[in-house]
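Visitor: Quick note, the sequences are listed as chains A and B, same order. Per the working numbering: the first sequence = residues 1 to 81. Per the working numbering: the second sequence = residues 1 to 208.
Worth double-checking, as some hints may not be accurate.
Claimed, not checked - Quick look at which bits of chain B chain A covers, simulated, 3 or more residues with Cβ under 8 Å:
no.: 1; stretch: 20-27
no.: 2; stretch: 37-46
no.: 3; stretch: 55-63
no.: 4; stretch: 155-169
no.: 5; stretch: 189-195
Unchecked claim - Calculated lysine-lysine pairs in the DSSO-like style (CA-CA distance at most 30 Å, straight line):
no.: 6; chain 1: B; residue 1: 198; chain 2: A; residue 2: 38
no.: 7; chain 1: B; residue 1: 63; chain 2: B; residue 2: 25
no.: 8; chain 1: B; residue 1: 25; chain 2: A; residue 2: 73
no.: 9; chain 1: B; residue 1: 198; chain 2: B; residue 2: 179
no.: 10; chain 1: B; residue 1: 25; chain 2: B; residue 2: 10
no.: 11; chain 1: B; residue 1: 33; chain 2: B; residue 2: 63
no.: 12; chain 1: B; residue 1: 33; chain 2: B; residue 2: 10
no.: 13; chain 1: A; residue 1: 73; chain 2: B; residue 2: 63
no.: 14; chain 1: B; residue 1: 63; chain 2: B; residue 2: 95
no.: 15; chain 1: B; residue 1: 198; chain 2: B; residue 2: 33
no.: 16; chain 1: B; residue 1: 33; chain 2: B; residue 2: 95
no.: 17; chain 1: B; residue 1: 10; chain 2: A; residue 2: 38
no.: 18; chain 1: B; residue 1: 10; chain 2: A; residue 2: 73
no.: 19; chain 1: A; residue 1: 73; chain 2: B; residue 2: 179
no.: 20; chain 1: B; residue 1: 198; chain 2: A; residue 2: 73
no.: 21; chain 1: B; residue 1: 10; chain 2: B; residue 2: 63
The hints are simulated quantities; they were obtained by calculation from the structure and are not laboratory data. Idealized CB from N, CA, C, for every residue including glycine.
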Amino acid sequence: MIRCEDILREVSELLDDEITAEMRIQIETHLCACRHCKVLVDTTRKTLTLVSSYTVLELPEGVSARLLDRLAKHMESGPSQ
Amino acid sequence: MNQHGAVADKLTDEELVQRVQRGDKDAFGVLVKRHERSVYWMIEAILHNQADSEEILQESFLKALQHIGDFRGESRFATWLIRIAINEARMRQRKYRPGQYESLDEEKSEDSDFHPRELSDWRPSPEQEVAQEEVARLLRRAIQSLPEIYRQVFVLRDVQHLSTEETAAALGITIPATKTRLLRARLMAREFLAPHFKSSAQPGRAVL
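Here chain A stands alone, though its shape is the one from the complex (with noise of 0.2 Å):
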């Protein structure tokens, strides 16, 4: 029998797909039993889904140009080893 705290450990793993289809089967089950374990399971997997759709880790300003700046100078002088 899954308890919350088996969801809590497995819900990573659960949104991963890695998980057998029996865990995924007595999971489910709870999920439809447990509403706190079906808030916590789709509002980690919201999480996910909005971290996959926003370029969330831009540059602070100019780190970028100054980055390709050092590497062009470097290239036309050269190797330096």
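For this one, chain A is given, so just place chain B on it according to the hints.
Guide: Same frame as chain A, but now just chain B:
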């Protein structure tokens, strides 16, 4: 981006590496564009300082360029690059803050239970009700709120989309440790976002 760049943009990392190894400097620029964000934020998770992180970002890509002839494709380029960046950041950290280095590598409390506090449901589509830039800002803050060891795994797995095995290899930790940290990181990120996206009778802007 010029025409050459547009073509190069469709190549895999490993194909671009081969071009760089044959002397195509523009191909390295494409690799830089593709990975600069994740490399920067990996470094920033260790150093917590923009100026130092920028310098180490530059050092990391310079080192990658200097040693790209040694890259044999035994791991993915992203994994190889991240390892270089983490090593460079660690060296900087040891140089300036030797006391902090040891404590950051401790795997303290990883096995202790995590108890989610926020269990209200979210609005059906928070990204449609909250301005896009606000959502992006919240997500960035959620990631930055994660302690280093969790942030690294989260960025590599859920932002950069490396596999569990690649993430473990890049960080030099075991696969079970990677999975444990990823679970914790995801739950912590969810916990950070929950109050902002909580379902309510009066949907509106995110609470910033």
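Visitor: May I ask which of the numbered hints given earlier this structure violates, with the numbers listed in increasing order?
Guide: 1, 15, 17, 19, 20
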